[in-house]
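With chain A held as given, fit chain B with the ligand onto it using these hints.
Those protein sequences? They're chains A and B, same order as listed. Numbers 15 to 129, taken from my numbering, label the letters of the first sequence in order. Numbers 54 to 511, taken from my numbering, label the letters of the second sequence in order.
Just so you know, these hints were derived from the structure itself, not from any lab. Do not take every clue at face value.
To be verified - Lysine-lysine pairs mimicking DSS-like chemistry, simulated, CA-CA at most 30 Å apart:
id : chain 1 : residue 1 : chain 2 : residue 2
1  : A       : 36        : A       : 54
2  : A       : 58        : A       : 104
3  : A       : 129       : B       : 296
4  : B       : 296       : A       : 54
5  : A       : 54        : A       : 102
6  : A       : 102       : B       : 240
7  : B       : 296       : B       : 336
8  : A       : 102       : A       : 129
9  : A       : 58        : B       : 240
10 : A       : 54        : B       : 240
11 : A       : 92        : B       : 117
12 : A       : 102       : B       : 117
13 : B       : 296       : A       : 58
14 : B       : 116       : A       : 36
15 : A       : 104       : B       : 296
16 : B       : 240       : A       : 104
17 : B       : 116       : A       : 54
18 : A       : 92        : B       : 116
19 : B       : 296       : A       : 92
20 : B       : 447       : B       : 336
21 : B       : 181       : B       : 447
22 : B       : 116       : B       : 90
23 : B       : 240       : A       : 129
24 : A       : 92        : A       : 36
25 : A       : 104       : A       : 129
26 : A       : 58        : A       : 102
27 : A       : 102       : B       : 116
28 : B       : 116       : A       : 58
29 : A       : 36        : B       : 117
30 : B       : 240       : B       : 296
31 : A       : 104       : B       : 116
32 : A       : 36        : A       : 58
33 : A       : 129       : A       : 54
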Amino acid sequence: MRLFSIVLLCVGAVGQEPAARKPDRVISIVAERFTFSPSKIEVKQGELIEFVLTSDDTDHGFRIPGIGIDVAIPQSGKGEARVRFVAKEKGSYAFECSRPCGAGHNLMRGRIIVK
Amino acid sequence: MVNMICRCLLTVLLILPPAYAQNVIDLERRVSELEAKMRLVDPAFGRDSRASDLVARLEMLEKKLGEVLAAKKTEAQPSPAEATAASQPAQPPGQGLVPVSVSGDYQTSTGGETRLPVAGYMDFHLNKDSGDPFRPDFHRFVLLFGHSFSDRIKFWSELEVEHALVEGGEETGEVALEQAYLDFLIKPAFNIRAGMMLVPFGIVNERHEPPSFNGVERPFVETVIIPTTWRELGFGFTGDLGKGFRYRAYLTSSLDASRFNAEAGITEGRTAGFDSSFRNPAKMVRLEYAGMRRLTLGTSLYSGHAGFNTPGVNPRVTMAGFDGRYNYRRFDVRGLFANTWVSQAGELNRRLEQQFGVNPNVARQMRGYYLEPGVHVLPRRTRNDVILFTRYEKYNTQHRMPLGYLPLPQFNRSSWITGVTYKPNGDVAIKFDYVWNRNASQVVGAINGINLGIGWWF
Ligand SMILES: [Cu+2]
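Here chain B stands alone, though its shape is the one from the complex:
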């Protein structure tokens, strides 16, 4: 596995512009020269270090240079006040903070690790429905690229390869630009964001790195009620309001109602920025409170017309959600509630039946919620972390039907998911869970499943 990642990254490095590679080689040479010079001052410098990456080597140089200068200057400048004054001319004008020292575990934390120029995460799953064999699935391979044009203009992107190896080697995967946006930082409470952005709804859509949630697959509610990964083109405002409150308010491309259906609700209506419409931009806002340690509460609202592909019918999709995460000692709990309203659902069903010949039986209300308690079974000071968790989910994409339409009971579903997340490192999660699915139908049975997964962030 490690080999494979290395090979992938090597490929990425090889296709970077040659100028970049040249810069790295150049930097590496200059750092080596500096190290050689430092050895003239202290022959023991770097003798027992195994640091291989440039950042760690630079940090060691920083530290050593500090020590050397300190040894020299303490004799000449006995008074700290004088020394502060002496350091003033070296600061850029207007700098009112004077750095003094850096200590702690920040250096040892990178010891033996390699810091890569990109970040990313990966997710490898083995899924098994009862009665079927295990299906391997390289579910997600995501590379993240960020860039600061200046202290005020920043870029962020995620490039995703989904389902790279799917059953029987069929090519049903996708390569997608998951996010690509610019942030213009203006004031803490007011910043502008524009591009392809994640819809700020629920917990997992924006916080989807595998070690940050329990369970191999994302929660069902955050798959069929809140369609993760949900991304749209648009722009908006975001900021920190103080006292732990933050907000995001966006105008984005809209959903496509011609792809709504009974089973997955509005999920298939995501346009992911392709073919999307900005004639009637959707509005969304999320308010978050993180002012108490280990508690995060959030509420999201979404509203937008979705009829750009259904002439004569222009349903409005409204969504409201509440979510929270809390951690007390070795206990975690997270939960979420989301409700969706689709206006003109009856007209939409008739229109789509005319268009495609099948009634999609779209509901006028969909609802889902889940609650997930978890416990860290090992004491806090141990290196490894083992979390046992259980999640109960209820999700009904046929919650309220328009006049003249009956709900399909097999889509009134609930699930118990219970399992374990083992983290040998904070950024690596090995997951196992068992899923009991139920639905309200007397005819269509639900299938249980076992999932095994390994996901990591780097």
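Next comes chain A alone, as it looks inside the complex:
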């Protein structure tokens, strides 16, 4: 599964030439025990989206189940992680924290709504 994710990620990386194209929208998301702010993100179908992920406290993770995105968000003051994806189909997609961060970790989640 992990390997499959790697391949997916790479195929995606090839297709879009991320360095070449400017994202249609850049959205900042702040992680803090045990929330993502904002936790509901609305985007338009077809847009190339970039999430800039930072933490206000400890290390967190950012995972979109099923599509192979799972990155570590560095702890406060240690930088950011940037994730780009294309919102290809309409729908609601969950994302979650993938790095155990305490009592509320299981529900540290959010949604991407593609309209």
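Only chain B with the ligand this time, still in chain A's reference frame:
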């Protein structure tokens, strides 16, 4: 200290099932093979890397593979649109988000660190009351284990060893299951949780990792008015209502009124899931607002009967609390107010006096509040963080007495705590504070104290 943690973790790893260890060895071998193959493509790969853990090595492989494929495919597929189309068959059906790239500091953040299969936190204190020598106390050693059975069923647990080294080596510590629950994720606004859960009251009960609060010890109000760590058996619902609102609503085991007293209020009535009663489940709800950056507001309500051990008297405990945290530039402020009502407190005192021969002098109302401003003295871009803080606390476990009972003034208390939290890393907190205690008694004096502590999260 580091040595000690390593030894503890090694012990944990050794007692894991052998199959798990075998899997890790297997994985490690496969990653090494992949790295060797990658070196056939690019002999420079991994030459100057010191990454030792599997995740970092996998991430490097991911990155390299991406580069290699990109170099190959850009010639064949000049149009990005075509490339997107080409990538479609590789997705699982119904996947409407197509990952493109990951960049930033996410890789460097783990450089030189070791990621462990468990998380946890530890807390080591040196406490000194005026007139006494320093007392060392390995206050808390907590290991956290989580597991996802699927994307919709998740497990969370915390196993705690408290006061492992107490004064004179006496064995007064405890091993406790602090939390162990399952979350069934249904909809963002509605999820089900069941098991041993933390009571969602106040700030510290659910957010108790040492780097996340100032002061060596938890606030007094969140010790004697809100009994942290407060955990109960039960089930409930939790969710994100949108616009920054979240809630938790639980039905849980109840408090035991036979252990209420004048000094600690309802605190000793926690059953921690042992001997607890579910005949009259307690109800609790917490609503939180985190819709504005750097501001969190919360309100909690608790109500439950507590008389399962006091035949003939069944007092109801009701609690209401408000709390907030706010951060503006380099300033932090947090505060909390909590009030507790105990019905039939007079009958309870008479019943317990008959049962045990001593009047516990339980109040019919208890109240506490605190306010804690803090300032980060170093600029935001520096690696280290130094927070100076002061906390004023007022807590009275004899606030209103039932008819015929007089309040004990020594339990009408207030404290000034002032100190510093130094964080060489966001997950490590070295703390020092001085505590001035006061009470309303003319006879019983309050004792001041100094606390030194180091706590970390991993
Ligand atoms: Cu998290």
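Okay, the hints, checked on the actual structure:
The straight-line distance between the Cα atoms of residue 36 of chain A and residue 54 of chain A is roughly 23 Å, inside the 30 Å bound, and the hint therefore holds. Under the criterion of a C-alpha separation no larger than 30 Å, the hint pairing residue 58 of chain A with residue 104 of chain A is consistent with the structure, at around 8 Å. Distance hint between residue 129 of chain A and residue 296 of chain B is fulfilled; the C-alpha atoms sit about 18 Å from each other, no more than 30 Å. This hinted pair checks out: residue 296 of chain B and residue 54 of chain A have alpha carbons roughly 8 Å apart, not beyond 30 Å.
Taken as a hint, the residue 54 of chain A and residue 102 of chain A pair is honoured in the structure, with Cα atoms around 18 Å apart against an allowance of 30 Å. Annotation: proposed proximity of residue 102 of chain A to residue 240 of chain B holds, straight-line Cα distance about 23 Å (limit 30 Å). For the given pair, residue 296 of chain B sits about 25 Å from residue 336 of chain B by alpha-carbon distance, which is consistent with the 30 Å threshold. Of the pairs offered as hints, the one joining residue 102 of chain A and residue 129 of chain A holds, with about 10 Å between alpha carbons and a cut-off of 30 Å not exceeded.
The hinted pair formed by residue 58 of chain A and residue 240 of chain B meets the criterion: a straight-line CA distance of about 22 Å does not exceed 30 Å. For the hint linking residue 54 of chain A to residue 240 of chain B, the alpha-carbon distance of about 13 Å falls within 30 Å, and the restraint holds. Our distance criterion of 30 Å between C-alpha atoms is met by residue 92 of chain A and residue 117 of chain B, whose separation comes to about 23 Å. For the given pair, residue 102 of chain A sits about 26 Å from residue 117 of chain B by alpha-carbon distance, which is consistent with the 30 Å threshold.
With a C-alpha separation of about 20 Å, the suggested pair residue 296 of chain B and residue 58 of chain A falls inside the 30 Å cut-off, and the hint holds. A distance of roughly 20 Å separates the Cα atoms of residue 116 of chain B and residue 36 of chain A; the hinted pair therefore holds under the 30 Å criterion. As the CA atoms of residue 104 of chain A and residue 296 of chain B are separated by approximately 22 Å, the hinted pair is consistent with the 30 Å bound. For the suggested pair residue 240 of chain B and residue 104 of chain A, the alpha carbons sit about 18 Å apart, so the restraint of at most 30 Å is met.
As the CA atoms of residue 116 of chain B and residue 54 of chain A are separated by approximately 29 Å, the hinted pair is consistent with the 30 Å bound. Pair hint residue 92 of chain A plus residue 116 of chain B holds up; C-alpha atoms about 20 Å apart against a cutoff of 30 Å. Of the pairs offered as hints, the one joining residue 296 of chain B and residue 92 of chain A holds, with about 28 Å between alpha carbons and a cut-off of 30 Å not exceeded. The suggested pairing of residue 447 of chain B with residue 336 of chain B holds, with an alpha-carbon distance near 27 Å, which does not exceed 30 Å.
Between residue 181 of chain B and residue 447 of chain B the alpha-carbon distance is near 21 Å, which keeps this suggested pair within the 30 Å criterion. At most 30 Å may separate the alpha-carbon atoms for a hinted pair to count; residue 116 of chain B and residue 90 of chain B meet this at roughly 15 Å. The hinted pair formed by residue 240 of chain B and residue 129 of chain A meets the criterion: a straight-line CA distance of about 19 Å does not exceed 30 Å. Between residue 92 of chain A and residue 36 of chain A, the direct Cα distance comes to roughly 25 Å. Compliance with the 30 Å bound is thereby established for this hinted pair.
Distance check on the hinted pair: residue 104 of chain A and residue 129 of chain A sit about 5 Å apart at the alpha-carbon level, within 30 Å; holds. For the hint linking residue 58 of chain A to residue 102 of chain A, the alpha-carbon distance of about 9 Å falls within 30 Å, and the restraint holds. Restraint check for residue 102 of chain A and residue 116 of chain B: the C-alpha separation of about 23 Å stays at or below 30 Å, so the hint holds. The straight-line distance between the Cα atoms of residue 116 of chain B and residue 58 of chain A is roughly 28 Å, inside the 30 Å bound, and the hint therefore holds.
Restraint check: the Cα-Cα separation between residue 36 of chain A and residue 117 of chain B comes to about 23 Å, which is no more than 30 Å; the hinted pair holds. With a C-alpha separation of about 16 Å, the suggested pair residue 240 of chain B and residue 296 of chain B falls inside the 30 Å cut-off, and the hint holds. Only pairs whose Cα atoms come within 30 Å are accepted, and residue 104 of chain A paired with residue 116 of chain B is accepted, the gap being roughly 29 Å. Distance restraint check for residue 36 of chain A and residue 58 of chain A: the Cα-Cα separation of roughly 16 Å lies within the 30 Å cut-off, and the hinted pair is therefore satisfied.
The straight-line distance between the Cα atoms of residue 129 of chain A and residue 54 of chain A is roughly 13 Å, inside the 30 Å bound, and the hint therefore holds.
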